[in-house]
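Asker: In case you want the letters, here they are:
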Amino acid sequence: MSVFPIRKRRKPSFMQSDENWDLIVEAGKTERHYWKDLWRFRELFFFLAWRDFLVRYKQTVFGIAWSVIRPVLTMIVFTIIFGKIAKLDSGNIPYPVLVYAAMLPWQFFSNAFQEASNSLIGNVNLISKIYFPRMIVPISTVMVCLIDFLISFAIYAVLIIWYRIPFSSNMLFLPLFLILAFLAAMGTGLLVCALNVKYRDFRYIVPFVVQFGLYISPVGFSSNVISGKWRLLYSINPMVGIIDGFRWALLGKEANLFLPSFMISLCLIVALLFAGILYFRSTERVFADVI
Amino acid sequence: MSLAIKVENISKKYTISHQQTGIGLATFRDEISGAIKKFSRKIRDEFINQHANETFAKKEEFWALKDITFEVQQGDRVGIIGRNGAGKSTLLKIMSRITEPTLGKFKIKGRIASLLEVGTGFHQELTGRENIYLNGAILGMSKVEIKKKFDEIVAFAEVEKFLDTPVKRYSSGMYVRLAFAIAAHLDPDILIIDEVLSVGDAAFQKKCLGTMKEVADAGRTILFVSHNLNLIKEFCGRALLLDRGCLESDSANVDDIIQSYLFSTGEVKRSVIWVNNSQQYQNMWFEPNRFFIGNEFGDFVDDFCENRDDFWIYIEGVVKQKDPGLQIGYALYNENGILLYWSCQTDGKESECPQLHKGLIQLKSKIPPHLLNEGMYRFEMIVALYYRQWLCQPGKDSPAVFLNIRGGLSESSYWREKRPGLLAPVLKWEIGK
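In order, the protein sequence lines correspond to chains D and V. In this text, residue positions in the first sequence follow our numbering: the first is 130, and each later residue adds one. In this text, residue positions in the second sequence follow our numbering: the first is 388, and each later residue adds one.
If we strip away everything but chain V, and leave its shape as in the complex, we get:
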């Protein structure tokens, strides 16, 4: 086995300028007036013989990536995970040479292809056929290569009938299929993929994964970013965890990495209480204030709970505008990142659902005893306008609280410890007729 990628101390700095508001485009005028101010200040300082230390324009440095070092063997399938803003996309952008690192270097063996967005380089007005040629050329294929693979691409994407239709008339599914098909037939030595499979339907995702596996089995190297942890677990033989620009961990034990990802919440200590103290999640409909796990009377529970305890999920916030589609609830994940269920205030019969009113509101929902198994659980808030818009999307960047369940699984003497399976319900047994 030999190395395919070697990344050495890569860092990337962005300078965020605070002097202008609105869109961050520098205009000539700003730059010139800045230069004049600087110049006049310099002359003045010379005159009164003192040097100003502070810079004129207030600029802040932001390290999107800090000192990332890793190596990838040929044929590795590496998953990259991390919260939003952890630097995953920046890393991929650097690796695919779209932007350059501020410090450090990387080396690559073989041909590299990246798929950072579905259908980049597609032109809406052009037909499917024309776009295959155009996109292929943009991704680095030669005309001869494209011609050779044309039929395969079309067959894979299942767009035979629409080859001479402008892609602006395509359904989003067809669009994604065509885009992925082209990239999949690039035949690169290293393939970089950023969260693109999340768009297609399940059958197509499966097909893509199959293709990616084939590609990897043929000795190709794959770098893969996704929020879909099951996909990472299924597909990758190794995972990198990024946290606020740093390489937090790197291991072939993907389960371990996923676990440490799920239970790292950045700076906030994981706890049963989440308080919105940073004015996050502002929107026109519902702004969460607090999200916590408590007992019947609204007192916080301890970090550790027994399975037989009653506990309640509390969501507090301000309803700013009533909307019939407003859904508030939570998603429950176990420690392996598997989604157990969603629950929302709109789940029951319409007449029995709690009616939201404008203003401060508290919703609570009981989790029945003897339902969850031993282990760590993560509750993520769901706030959405039914089929229209996510306000807090679980699995993305939603407020989360954590609960540890230990013991109290059952009153039975036959069942004392954690059982196999996701849940641990105590169900009733009877003698049948």
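So that you can see chain D by itself, here it is in the shape it has in the complex:
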């Protein structure tokens, strides 16, 4: 084993100064143009999302109907288990609506998280052969899940009309909570997909976390079921804040938003997002070598 000696060489001097170069890549230094590059490649977000969406239901019989069937079936099962068998309290809200309002963000988050964490290893050929800011890959998968969200939301509209739920002005805040869900999925997704490149263990951890998360998040029941002193601790799960927020926005006064718990979730989401971006950026440069 020999360590190769690096000869120190005097750089030949040139008329050009560094400003004339469009791109300078130096070992060990983060790229100066990263965010600019991300902007330059902005169309790729949509192209990759478009590709994933086009490909998803090719050679399936039901096609896009799958993104309707899954949430509806889950809603029915949850209504029967938690509403009819366990007889949990739902206030004045019909149980299916209570469940579905929570299913919306949960389905979005869990799909986005799962897809994003597998996104890099699913695009090995791109990562190892072409340069583009790698962050585009997981983020565009989260965007695909946004389309599913919109489809599910259309079903929610049908539910509202069916059960004659009055329209509430809280609904104007819905985009805010959607953005939060997006950021939560993006933060965790970036973190886990970067880890997944090196440690394939996460391929097995993620489905487990998602399955587990469905039961510890207030999807099948209202978070009012949790008694007061445990409520704050319960909010360490960032999805609690988002789901409560969705219920509050969609169901109006019938569901109340517990503010301290929401703030905890919010802080955690921001922290996760930063951790995700930082870890992704620090490992991104070696993706092609270890993937």
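All the pointers check out, no bait thrown in.
Pairs of lysine-lysine, DSSO-like flavour, derived with a Cα cap of 30 Å: (1) K751(V) x K805(V); (2) K327(D) x K424(V); (3) K535(V) x K187(D); (4) K400(V) x K165(D); (5) K165(D) x K534(V); (6) K496(V) x K536(V); (7) K536(V) x K594(V); (8) K492(V) x K327(D); (9) K496(V) x K400(V).
Note that these hints are calculated values from the structure, not bench results. Quantities reported herein were computed from a predicted structural model and do not represent experimental measurements.
Use these hints to put chain V onto chain D, whose structure you have.
Answerer: Relative to chain D, chain V alone:
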């Protein structure tokens, strides 16, 4: 003329870990158990007050590139050659920003596009039309640009009829054409190409080269890796020769570089004998042991031979499994890298061909006197399963032996020195009627 690329002392290190077998993926468990071992060792060392020098996991460093420095002028067509594992692809990967250098830096002026593999980013399920948009976007084109060039791309690739067919139903030729067409219409300032043209058919290769020339004539810079030396010679105005990670030579005299490439065999001294002492070329059918040039009785010839000498090519090895398609032979190259001919044991009439049997076998074939011209010749072993699989592919990484021919060209007093032409046969002349 101004500089387009400036590469300064680029090195790339890979760490090869020897602790695990099988696929080299680190698992969490390994990493954690490694950390625990390290930690416990540290505590123990503190306790008995001594420091362990050796690292726990056995890791080996491997420099794929060492201290590469060069510059490229705008509009240069630079060919990069070298044996497998010389670092060509690593260099291109660094230049196209797929991986980062361990040391050093490089600077680039203008927009850079790289074509390291044909059809990267194509999605099998999508149609040709969809893939043009997708691939264009991945390579860095904007939607407007793609729209503008869409018709040109389609015309170039000759896939008009199949635009709405999924590319998984394309023939490999169509696939390559479409992929190259997209990359060729990228309009970059610097184009990096890695051995992609070797896939298409001859007509298409010609077309691609034409396009590349056009691109270069328009003042674009091209970096080009290929094992096809004729292509390099024809196309490039300058060549870089890489050898085991080092920049061996860099010159505008492409012929010189090609020659020094052909006659560098890495660590092994070029000679008339090749012995398989590193357990290379293992396969289920035929494993070569020795490859040499000898006289009729199997004694090695000297490095220099006269043209009038008889000499024989000997191939020794073990036939592990008989196969009707097993071909053993050699390819002969001259010093400019031009392939003169192939010859295999299956060349003659079937009943006259030597029958291979299981076990150790020696094949020999005579090269007639007065055939080759003066100069250096390279013989590369061919072992293949007919149209199925290469076991030793000439021009890639096949065992090679070398022979120098000097003098003895003819008994004639009119012909004393090297003649123009690839061959120097002495043919019979008669008076016609």
